[in-house]
Amino acid sequence: MPDDEVALDLARPEPATVPAAEGLQPDPAAPTPSAPVAAEPAGPPAWDLSTAAPTVGAVRRQPVPRLTPATRFRAPAVTLDAVQAGDVHVAAASVIGASHAAAGGVRQDAYDFTTTGDGYLVIALADGLGSRPVSQLGAALFCTGVTQAAIGPGSPASRAADELLCRGAEYAAAAQDFCQVPPAESAFVAAVAVLAPPGTGGALTADIARVGDVSAFALNPESPLAELFTSDDGPINILGESLPGPAAYRPQRAHAQTQVLILATDGLANDLRNSPGVRSWLSEQWTRPIGPFAFGDCLRYQRQGSHDDRTAVVVWPAATDPGEEEASDGCA
Amino acid sequence: MNSAEELYTIFPVFMLVDVSASMSGGPIEAVNAALPDLKREMLSNPTVGEIARVCVITFSDEGRVVVPLCDLAYADLPEIMVEGGTNFAAGFRAARQAIEDGLRALPKGTPLYRPVVFFMSDGAHMAREDWHPALASLRDKSWKFAPEVVAFGFGDAENDNIREVATRFAFKVKDTDPVLQVREIMNALIGSIRTTSMSFRDPGQAQGLHLETPAEFFTPLEPLTTDA
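Protein chains in written order, with the working numbering: chain A, 1 to 332; chain B, 1001 to 1228.
Quick caveat, the hints were computed from the structure, so don't treat them as lab data. In this text, a Cβ means the ideal position worked out from N, Cα and C, and glycines have one as well.
If we take Cβ atoms under 7 Å as the criterion, some of the chain A residues that face chain B in the derived model are:
#1 Gly57
#2 Arg60
#3 Ser99
#4 Asn237
#5 Gly305
Okay, the calculated beta carbon distance ranges per label pair:
#6 Ala1004/B - Pro197/A: 33 to 41 Å
#7 Glu1062/B - Gln180/A: 54 to 62 Å
#8 Gln180/A - Glu1216/B: 25 to 33 Å
#9 Glu185/A - Ala1124/B: 38 to 46 Å
#10 Glu1222/B - His255/A: 42 to 50 Å
#11 Lys1108/B - His255/A: 27 to 35 Å
#12 Leu1043/B - Asn220/A: 37 to 45 Å
#13 Ala226/A - Arg1128/B: 52 to 60 Å
#14 Ser1142/B - Pro197/A: 44 to 52 Å
#15 Arg1104/B - Glu185/A: 34 to 42 Å
#16 Arg1104/B - Ala52/A: 31 to 39 Å
Just need the whole structure built from these sequences, with the hints factored in.
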């Protein structure tokens, strides 16, 4: 690392000095606004808020995130969501990977979801290929294409995940062409999940299609987290197929009935698969609906060798109003 | 299948270095000078340091593992010494054994990048035995750990030999000074480890391996056989 770079210990943020819940309340003992407030003679300012997310393995100090000048199609480093969508609760987050941040790159994952007029939930998740210069564009366009195809005017909207995946890939290809971006520069892998309106039992029924290694997991009480696709045990830096292209017409399929459905890009799926620590942490946090910041905080764990973007979309049956659950935004 | 123990992603890198007598003086000194640079890269770049594991193998009349597959940041670096003749077969056998030993020692199910062997030689095979069977064994596609072999030739290395050794990527160094030649190879090697560690899977031509071999220093050679 050059001498002029500043290294921040992102793995160990400084603890917050004020608990979040108290920080929002007026403090009767606080000085009036006109009174000078003495600054605490503390060490360097905290880089970010504290978190209870675990550190797994020998994690080294991460450099400061940077942005390469003239970056095209920049995507925000973090996105968060948590909403009631019809009869289900959906939370989602996408967080830039440490290697992208350190190298001046951007988050290449994307997600989107929508509900249809007839009560279906459609989720799109995509992961731009790391070596392609603007793969975040393809990933984002795909997600938009899927959700628009699910609700948009024109031809009758499909309720089949594989058809929506094709529509999303076609939309991405057409939009890339409009942007004058060659498909090879914005290649991505992706998945689409279509959830039928929950039945009386509350279980979710999902139809999932994917190209590449975006994956899906089922979380049920008293059961270990179960991956819905078979993971490839070959070299992890070699991937078979990507989009856009003919792979859209031969996706892998999975069907599931589950209490909680998790969709994840490989940056997170690999950790769920290979880390009991991360699996235990997230299984515990995701047993019930949580809010957007709590959800994002869940993905702030540090793990040795885990430097890719992390994106998850999680769906729960909305049997209870998440707002009534105590400390629903208190992941940590 | 969920793992019961923590399995960390590994990018296994094997350096296969010619230490025949022709490497004496500046070239071997350049190799020894580059190893601390690689170690510094491991220490200063967390993405590389957490993933890349490096093994150093030398070959002359015999093949020898001088640094077993390890986190180089915490390894004691030996001084690599010049030995005798040039036996490619000995080097390939030692490389295969080092890959087998190194990767079998990892916890079962460890997520792996495809192993890479960086082969560098300044001369021709001089031993009586045929080196091709040992190369075929190293590159055996049915072998679970079959590596990508990237070959660098310099000095008196014969282009056809370098082309035969490589699975897909073969290079001849342009510079004429042997010390600079070794230095450029080592820089390319460090850069390639860095870029590959910081990238992620790619179904394209590179198949997950990203080489840093600037055209001003290297002439690409067409491999005689490919493992694409």
